[in-house]
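The primary structure of each chain is shown beneath.
2 protein chains.
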Amino acid sequence: MTTASVCTIGDEILIGQIVDTNSSHISRALNEQGIRVTRMVSIGDDHQAIVDQLREELTNNEIVIVTGGLGPTKDDITKKALGELSGSRYELGNLEQRRIVCNILHSRSLDALDINLQQAVVPDTCEVIPNRKGTAPVMVFRFDGTASADNKPSSVRFGHPCALYSLPGVPFEALGALPDVIQDIRRHFDLSPICHRTLMTYGMAESALAKKIEQWEDSLPSDIHLAYLPNQLTGIRLRLSSYSGDPSVQEARILAQIDRLKPLLGDLLYAEEDTTLESAIGQLLRDTGHTLSVAESCTGGMISHLLTTVPGSSEYYLGSVTSYAMPVKESLLGVKAETIKANGIVSAAVAAEMAEGVRKATLSTYSVATTGWADAYGDERESAGTVRVAVSGPEGTRTARFNYRNDRKRNIERFAASALNELRKYILNSLNNN
Amino acid sequence: MTTASVCTIGDEILIGQIVDTNSSHISRALNEQGIRVTRMVSIGDDHQAIVDQLREELTNNEIVIVTGGLGPTKDDITKKALGELSGSRYELGNLEQRRIVCNILHSRSLDALDINLQQAVVPDTCEVIPNRKGTAPVMVFRFDGTASADNKPSSVRFGHPCALYSLPGVPFEALGALPDVIQDIRRHFDLSPICHRTLMTYGMAESALAKKIEQWEDSLPSDIHLAYLPNQLTGIRLRLSSYSGDPSVQEARILAQIDRLKPLLGDLLYAEEDTTLESAIGQLLRDTGHTLSVAESCTGGMISHLLTTVPGSSEYYLGSVTSYAMPVKESLLGVKAETIKANGIVSAAVAAEMAEGVRKATLSTYSVATTGWADAYGDERESAGTVRVAVSGPEGTRTARFNYRNDRKRNIERFAASALNELRKYILNSLNNN
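Protein chains in written order, with the working numbering: chain A, 601 to 1034; chain B, 601 to 1034.
Read the hints as simulated data drawn from the structure, not as lab findings. All figures in this text were calculated on a predicted structure; none of them were measured in a lab. Any given hint might turn out to be false.
Just so you know, same-sequence chains aren't split out, so a pair can sit in one copy or run between any two.
Calculated pairs, DSSO-like style, for lysine-lysine (alpha carbon to alpha carbon, straight line, at most 27 Å) [stated by the list, open to error]:
no., residue 1, residue 2
1, K862, K941
2, K680, K812
3, K680, K941
4, K1025, K680
5, K1009, K733
6, K936, K960
7, K960, K811
8, K733, K941
9, K812, K936
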């Protein structure tokens, strides 16, 4: 299997100033091509460290993708390090990238300074893939005979055919250049495919789920691998992978295993692709033309926020009321003072009136509501970590209760995800009944 | 200077399914202690790769921090690799962690299964730092004489004193364990005294801010270092650090520099400690007994969510309305149909009516509202990336307009932060006038 290493260069990463998101996107794209990423490495803006690290990565991998260190300022030294690594004797200007640099600066009403134009100057040992989204070009260094007739191979040897791709560090530019890089890789390497399938589950802890599907897992063929990928907001992703064999045969074998697994998962399973609860709900609503509103208390806007991160959510999401203060529950949602008094603020009755109130105010098909104690402020009826969820719709109003530990930020997320999951199950049930 | 390496273990990172945020947080915490992170590495769930990589990191660094690979399921193999690396001959149960595991499961009304209890079993070569936030303990392996009298050092040698800390991969648990790990590092390594001061700014891009304070920065004494730490939601943190000398003397010298800097920053400065806009606003409101409500459109609940992540926010935050659909703007916020028709949905007039409407509905002292195009759906009046913000309160209603690029998720955050900053400035001005 073709292997790759993904390297990030920049002191700002090593001091924890920014989170490296490029490596994840690049690895995902490589993985989809059946390339196994063996390692991700982040190193600082240090010439010798860059040369040494990239030499090691090229020794151990066919493909090395580097991001960062190509900006116009003084601390960006990747290009010089790549020149040394590849045995470059001189640099030359790339006319196409120079024109792009001038156009970009012109469109921002800036003059092209020397430090800008210098970005279009590259070592003689590389090919350039023009970068239309930014001023730094993508440089490709080919070693040990991976160059085609019209490409200049480096004279440096690593004992096996390999190539290094240097991309800009700005995520927007790095991701913009990625399709061209993948295309170049496909042209120059003989790739064997990987096969993955992902199932999304919500509603059971990792250990309990592992126990539930233990027999099935133990019976998996040795060339099909299972991974548990838990996430607070999206539940546990189950990923089945095969790293060898004919891809269509392997896919069919994985699908056969999934068919055996699905009855064990029941309504824990909410999607057979990598997605989120809010996207899955959005899909259900879009497919059926129904609408949604939200009433929040302890979740403080999180449910509404999650729903509206989905592009196109304005098609089905009408709006929400977050009622932290009791008078707001009464004035905007129509929750009755006596309901609160008789049942407590964190109660099924209050959650139900909230859900019904927002549904009435917005005229939505469905609504979901939360009331709970995210942290220390429990009362005599319910302790911190408890949430009541209500879902209202054409089938009436249903409530549920969940109890977690005492941790504000985590509980806001858990409460929101639990509410979305109750909403999902209600909608599915409602659609099945009609 | 003491050096460290931060390592992440897990196939889910190498295939790009999740973004590694732990490494960034850990590096930042190490950096604040004056420890230089030389490299971050992510490797897969492969026994030999883990052993080889960690051996190399320990050879080159005093401190190695590892996250991931400690879950209860079968694909997590870090513990076995750490056992081999440290020359462990047997495993033993840690009673304190076992009790924590049982308590956590009990609080979730779950039985402690064998695979759960197995998490409290560790190699005999390690010390345990109990992890109160999760079931996997923090394991500390000490090499070459870094162990104190009551600690068991590993018999494996790396030629210099070094230690490896193994943390859970779940971000909440990893970050929860971090303070204890840092404390342990401070006890076992001879770190030079550190002095940091942080200023929080919002409202100016990094390059413009750097230009604005250039003269001041150039005049800083050579032993006082300035770092720019930009963040989408909290603005740019300016951190002044000293890594040598008497800490109380150094602190006084840093404070003197800050006194010179503050007049240059003006109302860009919103706090002299590491905090967030929503916490700074909460502090202002709590101190003065005023209250707040929110009306959101394009930000979809994000502002409300940010405000309610602050513990104790129920003291001043009353509630919000998120009005995605136009009828909801009219019914719940009282925005007039003719205002929308005459000015467009993304307009100062609509933002103002939203802010005034929610303030009236909740009877809050202040309110803030947003209406904008987070992504592709601009109209003939305003393009995607534009938001109108209105703040309403005793001094009347003020509006502002911001324009960013076309990126839904980023714009939701930028819009929310811009609105919070306008709200902060309004409140400050209002308090100064009274």
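Taking the earlier hints as the rules, which of them does this structure contradict? Of the numbered hints, 1, 3, 4, 7, 8, 9 do not hold.
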